[in-house]
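Position chain B against the provided structure of chain A, taking the given hints into account.
Spelled out, the chains give:
Number of protein chains: 2
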Amino acid sequence: MKGMKRRNIFTILLSAVFAVIFTSCNQPQSKITTIESDPLPSWNEGASKQSIIDFVTKSVDSTNAGFVPLADRIACFDNDGTLWAEKPLPFQLYFIIDRIKAMAPQHPGWKTKQPFKGILEGDLKTALAGGEKALLEIAMATHAGMTTDEFDKSVKEWMATATHPKTGKHYNEMVYQPMLELLDYLRANGYKTFIVSGGGIDFMRVWAEKAYGIPPYHVIGSSNNAKFDTTLRPPAIIKLAEFNFNDDKLAKPLGIHQHIGKRPVFTGGNSDGDYGMMLYTSTGTGPRFGLYVHHTDSLREYFYDREPGLARLNKGLDDAAKYHWLIVDMKTDWNKIYPFDK
Amino acid sequence: MKGMKRRNIFTILLSAVFAVIFTSCNQPQSKITTIESDPLPSWNEGASKQSIIDFVTKSVDSTNAGFVPLADRIACFDNDGTLWAEKPLPFQLYFIIDRIKAMAPQHPGWKTKQPFKGILEGDLKTALAGGEKALLEIAMATHAGMTTDEFDKSVKEWMATATHPKTGKHYNEMVYQPMLELLDYLRANGYKTFIVSGGGIDFMRVWAEKAYGIPPYHVIGSSNNAKFDTTLRPPAIIKLAEFNFNDDKLAKPLGIHQHIGKRPVFTGGNSDGDYGMMLYTSTGTGPRFGLYVHHTDSLREYFYDREPGLARLNKGLDDAAKYHWLIVDMKTDWNKIYPFDK
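Residue numbers (our numbering), protein chains in the order written: chain A, 1 to 342; chain B, 1 to 342.
Chain A with its partners taken away, still in its complex shape (with noise of 0.2 Å):
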């Protein structure tokens, strides 16, 4: 009896063993922990939130007729006032006003030449006075003549120090944490993520990957011409003053099919620059998703929508139906705006 006792402590002993192996090894913990949290604790309960679910969940599922191919899962998003904010002024030119003063010392003519005059005297109305022209001008004397190392190494410096006229917070901080949250959704369930922007694609790539965890190779932007030249020590590629690719409006379609060469199943934008990418997106066969992101909160963000202007959201609300476009109200839609939000 009590060698008969002793076995059964020792099997019963080697079957907790075991089955301590079995647990640690075989059953996936992480996971069963990711499917009972929310992915996207940033956004309210809701259709809205719903529906990105739905269909993300449903695309994963090789049975379900919502699925898409891993190859296919292709997402691309806009970036200023989709990923992080644009108002009052879209960031880059604030980049722009600011490298103009630090590098007015070495250029005794602008103090007397518009457009670069009235951005030194902070009279930006006069210097814009000058239309596109104007800000071409402003944007080559800070975007050009340099080699792209010693561009990125502005940008940098820049981000570092330069902190937004309302909030007082760095630019970079002023993302969207609800789409940082989309952002790793989708990539966790295998979406490639990219940045499909009207803004500088060598100005976005400095900090966009520590911002969004999108790599450089994933963002698609505006762009100059540059030229190799291999007469500096080391060779280097030295950004000229010539616009190359201007990432905007229908012209977003052509971006992603020379950087990615598939049509996206998702998009997100906020403005009618972004119709021709949620056109080419929606239109596609098999399932896919577009949501605009709808800038209804003057409290915790800006109030913008329909009124002419840069960020102009007009005809992507009045075909949104059409295309079944998801309208995220972030005022209601929203629980957070930015990280640093309570």
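One should not assume that every hint holds.
Since the list can't tell identical chains apart, any single copy or any two copies may satisfy a pair.
[Unchecked claim] Simulated crosslink set (DSSO-like; lysine-lysine; CA at most 30 Å straight-line): (1) K169 - K58; (2) K262 - K169; (3) K262 - K101; (4) K125 - K166; (5) K322 - K342; (6) K262 - K210; (7) K101 - K331; (8) K192 - K156; (9) K192 - K315; (10) K227 - K169; (11) K315 - K153; (12) K111 - K153; (13) K322 - K249; (14) K166 - K262; (15) K113 - K342; (16) K227 - K133; (17) K153 - K192; (18) K192 - K58; (19) K315 - K227; (20) K262 - K153; (21) K322 - K227; (22) K210 - K342; (23) K169 - K156; (24) K153 - K58; (25) K210 - K117; (26) K342 - K153.
Everything labelled a hint here was simulated from the structure, so no lab data went into it.
Note that this is a predicted model, so its numbers are computed, not measured.
What follows is chain B alone, placed relative to chain A:
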């Protein structure tokens, strides 16, 4: 004593069981297999193979001076003559020739008009007597005036049916087995592998993922301008008969910058057309690796290097020592050329 002995057996058994837990859960069995197995079996033992393995091994060891952070592990490869064969003619030229013949019934005027007449009569010499202009004309006739989907379909159909004049194999079977292993080896060590080729970006993307495991968004090549046509149902991208970017020679670093936004740490090429990107890679700071595939095997493949022509390797051989480029001798370094070789 008996109880003591039993406790001892008990302890030993438990230790053994816990050792099993430890081994099965914590030891990366698959990693051990990887380390013990040869990642480059089609490469003969020797200095070339060893230098690649040494570089990669150091690059993933954070305690080594040759360490490369994960985010910087960018590897770029030319395609024609580097990843697949390019003789007697570049394979994309066979596509053009075959497409001209297939499209001829819809273009009765081609029968009497060069360069089309020469192509249709099998007289390539006369067809291409018009030089670059003639080549551009047949390239545009087969690469423009259709949607990207229609173009993809034409490449896919051609690849499934056309065969190489010497081997009788499909062109996508004529990839270099040792380079496939190198691509896999780099990816297994955290490298992102890109194609950087003078070939057509849309042409390569159709078959590169299956042939090399390189997805469309990691393919860089030459391109036409394009147009997003919203009048089509569904809206689609049309390839225009206008050249956009010639991804060759000193433009290769620009293609790399535009698509990747980082200086590569590992680059492979086979001709002076790759010299620019080899230079761009090897003159960066920190660990860098450049290799030239040297076509030295006239029996199993083709012998060519310094003679003037499309795939000339002259300057690259001259400067290999200066930039520490590995010259891969196909004849002695590779025990297998194509996957179908025995």
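Quick rundown of the hints versus the structure:
In this homomeric assembly, K169 and K58 never come within 30 Å of each other (Cα to Cα): the closest approach is 38 Å inside a single copy and 40 Å across copies. In this assembly of identical chains, the alpha carbons of K262 and K169 lie at most 30 Å apart only when taken from different copies (28 Å versus 37 Å within one copy). When the C-alpha separation of K262 and K101 is checked against a cutoff of 30 Å, the pair qualifies only between copies, where the shortest distance is 29 Å, while the shortest distance within a copy is 42 Å. For a Cα distance limit of 30 Å, the shortest separation of K125 from K166 inside one copy, 19 Å, qualifies, whereas the shortest one across copies, 69 Å, does not.
In this assembly of identical chains, K322 and K342 lie within 30 Å of each other by CA distance neither inside one copy nor across copies; the values are 37 Å within and 58 Å between. Proximity of K262 to K210 under the C-alpha cut-off of 30 Å is found in both arrangements, the shortest distances being 25 Å within a copy and 15 Å between copies. Taking the shortest Cα distances, K101 and K331 never come within 30 Å of each other, neither inside one copy (36 Å) nor across copies (60 Å). Taking identical chains as interchangeable, the C-alpha atoms of K192 and K156 lie at most 30 Å apart whether they share a chain (25 Å) or sit on different chains (24 Å).
In this assembly of identical chains, K192 and K315 lie within 30 Å of each other by CA distance solely inside one copy; the values are 28 Å within and 39 Å between copies. In this homomeric assembly, K227 and K169 never come within 30 Å of each other (Cα to Cα): the closest approach is 36 Å inside a single copy and 40 Å across copies. For a Cα distance limit of 30 Å, the shortest separation of K315 from K153 qualifies neither inside one copy, at 38 Å, nor across copies, at 33 Å. In this assembly of identical chains, K111 and K153 lie within 30 Å of each other by CA distance solely inside one copy; the values are 25 Å within and 58 Å between copies.
Taking CA atoms no more than 30 Å apart as the test, K322 paired with K249 passes inside one copy only; the shortest distance there is 19 Å, against 47 Å between copies. Within a single copy, K166 and K262 get their C-alpha atoms no closer than 39 Å, and across copies no closer than 34 Å, so neither meets the 30 Å cut-off. Proximity of K113 and K342 under a CA criterion of 30 Å is satisfied in neither setting, with 45 Å inside one chain copy and 73 Å between copies. Proximity of K227 to K133 under the C-alpha cut-off of 30 Å is found in both arrangements, the shortest distances being 23 Å within a copy and 25 Å between copies.
In this assembly of identical chains, K153 and K192 lie within 30 Å of each other by CA distance both inside one copy and across copies; the values are 27 Å within and 24 Å between. Taking the shortest alpha-carbon separations for K192 and K58, both the intra-copy value of 17 Å and the inter-copy value of 29 Å come in at or below 30 Å. Taking identical chains as interchangeable, the C-alpha atoms of K315 and K227 lie at most 30 Å apart only when they sit on different chains, with a minimum of 21 Å there against 39 Å within one chain. In this homomeric assembly, K262 and K153 come within 30 Å of each other (Cα to Cα) only across copies, at 14 Å, whereas the closest approach inside a single copy is 32 Å.
In this assembly of identical chains, K322 and K227 lie within 30 Å of each other by CA distance solely across copies; the values are 23 Å between and 44 Å within a copy. With identical chains, the CA atoms of K210 and K342 are at most 30 Å apart within one copy only, with a shortest distance of 21 Å there and 48 Å across copies. For the identical chains of this complex, K169 and K156 are intra-copy neighbours only, at 15 Å inside a copy versus 51 Å across copies, given an alpha-carbon limit of 30 Å. For the identical chains of this complex, K153 and K58 are inter-copy neighbours only, at 28 Å across copies versus 43 Å inside a copy, given an alpha-carbon limit of 30 Å.
For a Cα distance limit of 30 Å, the shortest separation of K210 from K117 qualifies neither inside one copy, at 35 Å, nor across copies, at 56 Å. Taking the shortest alpha-carbon separations for K342 and K153, neither the intra-copy value of 32 Å nor the inter-copy value of 52 Å comes in at or below 30 Å.
The structure fails to meet hints 1, 5, 7, 10, 11, 14, 15, 25, 26 from the earlier list, while all remaining hints are met.
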